[in-house]
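Asker: Read off the chains here:
2 protein chains.
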Amino acid sequence: MTPYSCMTRQQLEAEHAKVLAQYQHVKDQKLNLNMARGKPAKAQLDLVSDILTVLQTPEDCFDGDIDSRNYGELAGLPCARAYWADVLECKPENIFVGGAASLNMMCDIVSRAFTHGLLGSPQPWCKEEKVKFLCPAPGYDRHFQIGEFYGAELIYIPMTPTGPDMDMVEEYVKDPQVKMIWVVPKYSNPDGIIFSDETIQRFANLKPAAPDFAIIWDNAYCIHEFEGDYVPFPDIISMCEEAGRPNMVFEFASTSKITFAGGGTSCMAASVANIQYFTGVFGVQMISYDKVNQLRHVKYMKNKAYTLEIMKRHASVMAPKFHCVSRWLNQEIKPLGFARWVDPKGGYFISLYTMPGTAKRTWSLCREAGVVLTTAGAAYPYSHNPNDDHLRIAPSLPPVEDLEKAMEVLTISLKLAALEKLLEK
Amino acid sequence: MTPYSCMTRQQLEAEHAKVLAQYQHVKDQKLNLNMARGKPAKAQLDLVSDILTVLQTPEDCFDGDIDSRNYGELAGLPCARAYWADVLECKPENIFVGGAASLNMMCDIVSRAFTHGLLGSPQPWCKEEKVKFLCPAPGYDRHFQIGEFYGAELIYIPMTPTGPDMDMVEEYVKDPQVKMIWVVPKYSNPDGIIFSDETIQRFANLKPAAPDFAIIWDNAYCIHEFEGDYVPFPDIISMCEEAGRPNMVFEFASTSKITFAGGGTSCMAASVANIQYFTGVFGVQMISYDKVNQLRHVKYMKNKAYTLEIMKRHASVMAPKFHCVSRWLNQEIKPLGFARWVDPKGGYFISLYTMPGTAKRTWSLCREAGVVLTTAGAAYPYSHNPNDDHLRIAPSLPPVEDLEKAMEVLTISLKLAALEKLLEK
Numbered sequence: 001m002t003p004y005s006c007m008t009r010q011q012l013e014a015e016h017a018k019v020l021a022q023y024q025h026v027k028d029q030k031l032n033l034n035m036a037r038g039k040p041a042k043a044q045l046d047l048v049s050d051i052l053t054v055l056q057t058p059e060d061c062f063d064g065d066i067d068s069r070n071y072g073e074l075a076g077l078p079c080a081r082a083y084w085a086d087v088l089e090c091k092p093e094n095i096f097v098g099g100a101a102s103l104n105m106m107c108d109i110v111s112r113a114f115t116h117g118l119l120g121s122p123q124p125w126c127k128e129e130k131v132k133f134l135c136p137a138p139g140y141d142r143h144f145q146i147g148e149f150y151g152a153e154l155i156y157i158p159m160t161p162t163g164p165d166m167d168m169v170e171e172y173v174k175d176p177q178v179k180m181i182w183v184v185p186k187y188s189n190p191d192g193i194i195f196s197d198e199t200i201q202r203f204a205n206l207k208p209a210a211p212d213f214a215i216i217w218d219n220a221y222c223i224h225e226f227e228g229d230y231v232p233f234p235d236i237i238s239m240c241e242e243a244g245r246p247n248m249v250f251e252f253a254s255t256s257k258i259t260f261a262g263g264g265t266s267c268m269a270a271s272v273a274n275i276q277y278f279t280g281v282f283g284v285q286m287i288s289y290d291k292v293n294q295l296r297h298v299k300y301m302k303n304k305a306y307t308l309e310i311m312k313r314h315a316s317v318m319a320p321k322f323h324c325v326s327r328w329l330n331q332e333i334k335p336l337g338f339a340r341w342v343d344p345k346g347g348y349f350i351s352l353y354t355m356p357g358t359a360k361r362t363w364s365l366c367r368e369a370g371v372v373l374t375t376a377g378a379a380y381p382y383s384h385n386p387n388d389d390h391l392r393i394a395p396s397l398p399p400v401e402d403l404e405k406a407m408e409v410l411t412i413s414l415k416l417a418a419l420e421k422l423l424e425k
Numbered sequence: 001m002t003p004y005s006c007m008t009r010q011q012l013e014a015e016h017a018k019v020l021a022q023y024q025h026v027k028d029q030k031l032n033l034n035m036a037r038g039k040p041a042k043a044q045l046d047l048v049s050d051i052l053t054v055l056q057t058p059e060d061c062f063d064g065d066i067d068s069r070n071y072g073e074l075a076g077l078p079c080a081r082a083y084w085a086d087v088l089e090c091k092p093e094n095i096f097v098g099g100a101a102s103l104n105m106m107c108d109i110v111s112r113a114f115t116h117g118l119l120g121s122p123q124p125w126c127k128e129e130k131v132k133f134l135c136p137a138p139g140y141d142r143h144f145q146i147g148e149f150y151g152a153e154l155i156y157i158p159m160t161p162t163g164p165d166m167d168m169v170e171e172y173v174k175d176p177q178v179k180m181i182w183v184v185p186k187y188s189n190p191d192g193i194i195f196s197d198e199t200i201q202r203f204a205n206l207k208p209a210a211p212d213f214a215i216i217w218d219n220a221y222c223i224h225e226f227e228g229d230y231v232p233f234p235d236i237i238s239m240c241e242e243a244g245r246p247n248m249v250f251e252f253a254s255t256s257k258i259t260f261a262g263g264g265t266s267c268m269a270a271s272v273a274n275i276q277y278f279t280g281v282f283g284v285q286m287i288s289y290d291k292v293n294q295l296r297h298v299k300y301m302k303n304k305a306y307t308l309e310i311m312k313r314h315a316s317v318m319a320p321k322f323h324c325v326s327r328w329l330n331q332e333i334k335p336l337g338f339a340r341w342v343d344p345k346g347g348y349f350i351s352l353y354t355m356p357g358t359a360k361r362t363w364s365l366c367r368e369a370g371v372v373l374t375t376a377g378a379a380y381p382y383s384h385n386p387n388d389d390h391l392r393i394a395p396s397l398p399p400v401e402d403l404e405k406a407m408e409v410l411t412i413s414l415k416l417a418a419l420e421k422l423l424e425k
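Keeping their order, the protein sequence lines are chains E and B. 345 is the number that the numbering used here gives to position 345 of the first sequence; each next residue is one higher, with no gaps. 341 is the number that the numbering used here gives to position 341 of the second sequence; each next residue is one higher, with no gaps.
Just so you know, these hints were derived from the structure itself, not from any lab. What you are looking at is a predicted structure, and each value in this text was computed from that prediction instead of being measured. Hints should not be assumed to be uniformly reliable.
As the list makes no split between identical chains, a pair holds if one copy fits it or if it spans any two.
Claimed, not checked - Computed cross-link-like contacts, DSBU-like style, restricted to lysine-lysine with a CA-CA straight-line distance of at most 30 Å: (1) K42 x K302; (2) K299 x K42; (3) K27 x K174; (4) K18 x K302; (5) K312 x K345.
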């Protein structure tokens, strides 16, 4: 196959005619496939459904003397705090165990920052003239939505293969209006990269002008390898402590992609001072989170070592899907030279960089042919990708046979959008 | 027994010596009993623990086509919305099913009212010069705490035997700074009364000056009779709709005292417009609440009729405790004529009105003798009871044999505090 960039106009026109015919053909199949969100597949949910029967009797419901069925223990059951400390390699006193969604705790922190302030805030953020959030992108759309909801100015920081552009981050945090940065440090959403040790160290060493600057360290895929063994990852809590700013970071993790996305449990890791502060703050809204589910999860997942075995089972479902995506792209797109992507070894997404100016068109072509992808640009602040060159692929939900069809549609759409672009000049 | 008010000083002194000796005696027993919070007893949790094994297989986890284990259905599983509509006698489209705590949703509503506003708000409440909440008292301390946390001015409205003083409420809502009122309309916390039909109708007919005035209708004990049959209760949602202000009311209920206080599920009932508005607002913080637990609950509680049977089982544990409290008060205090209380037929609390100026002293005497009650005054805004005459008794947690001891301590402490007061004059 000749790269598109080496084709003559005549060749491009011939290619366009061919690809258009292919597109018409797949469109006629009237598919209805969804790769929009990072949802676990039914097969994954089935293979962890033994968790349903872990707790059977009243006696099963105790963590030591504590009856999980009753009120109390706002910061979480001791066994659940110990479990997450094991997974994240911090201390149990650094852990607050919440409800079904870590996103809810992130939003609560932003909400209370605006109405009351964080530890060290000179005043509630709503009293500030302006509040700015740094948003490495492509990133997680729901992070950006929270910032936008609270009226923060979202500042785009480009991602690099080792993490966010740290030169820019270090420069921006000199501005006291810059109050937060949001990142997924391991198997980042959607690039699937792992932040380098240097990047992580530079995060811990940040010296922001704002005394209440906060890093939202959303470690959503902390143990979510689908290829190869678990990759060790530094404990950002102790690193920030050692660097002299223990209260600067809030780390999050959840079981949404370990057990049930629709019925899991979540945790926040932070300095002891922050855990105390937010136990007080959350005490206004909650008597206690769902401790029965916390206990059910701890008894099922046991410890980090055993949870990694559970993750291997997920990997057996996930890996073939990522391989399918990779195979189609390598076979159909790579020789044509107009797009690039990363092959991650963990997480839930693949970033696909299309020919600039064609991501939206590719998305529309897919949709018209019955394949729904995450909206083009959604991974950028204000859903605005200046280059219009990014699509997020979420291959986890459909079975492989559906994914094969979806990837055929996607690769044809990619080509068609690129050819349209090249021919319009 | 002679009422204290009819005793001579000499008689009072003799009585004081006798009661003081009794107090020393009970103090020497070094009790450690807690009647501070409305926690269900272990016996209650045990009798509903069959809920643990309601869901056993992947197939059990579906509500129609919807897999409760995966993301989606932010407003709740259809079966859970239908269940709560049955209990509260409204429509499923009026229901939003949340997480473990209804308090969390109430706080979310206040939080978003301050940062963004409610439907119909001219501006976010944080932009208002002042925001006032009406707080019928004695009431639920955690309601008042939320208002205080967000800086609202709390206005004390006295409770009457038929509900809040509605003349005062109707007068106060003419002030556009008055934005909310918080009530527990059935088996009120802590008086245990049921609002009269007239009171409820006057609530629905309120014509507040603030276009975004909201009634927080915390129907926490909607089916929580422990004596006699279920008492029907009007649907405030349709009543406000009929009165022309459908968006004025937010009703709440939960399973915290039906299944597990530490692992239940909750709901909000409101106008369809409010449900849509808050589904959008909550969509910023949540992908979905714990639907597995929603389904587990619906399969266990089935419908209103069957849930009332479950409540009869709870009643068999609760009633003897309330009877114990009542018996001690009737026997030891009633003839002395210096205190009053209500004997409720549902809910979790008894309001005990001590001799004015002695509630705090009674509380301290109990504490010194090893019996912890809810802090005196806690049921009033800012924890300030102007008459210092109220204690909330929460008899649900201790077994009856412990309660007997606790009531002995309480009745002795009540007498001692009253005698000290009478003798200091």
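Asker: Could you run down the list of hints and mark each one as holding or not?
Answerer: Hint check results:
no. : hint        : verdict
1   : K42 x K302  : both (23 Å within a copy, 26 Å between copies)
2   : K299 x K42  : both (22 Å within a copy, 21 Å between copies)
3   : K27 x K174  : neither (52 Å within a copy, 62 Å between copies)
4   : K18 x K302  : neither (55 Å within a copy, 58 Å between copies)
5   : K312 x K345 : within (12 Å within a copy, 55 Å between copies)
The earlier numbered hints that this structure contradicts are 3, 4.
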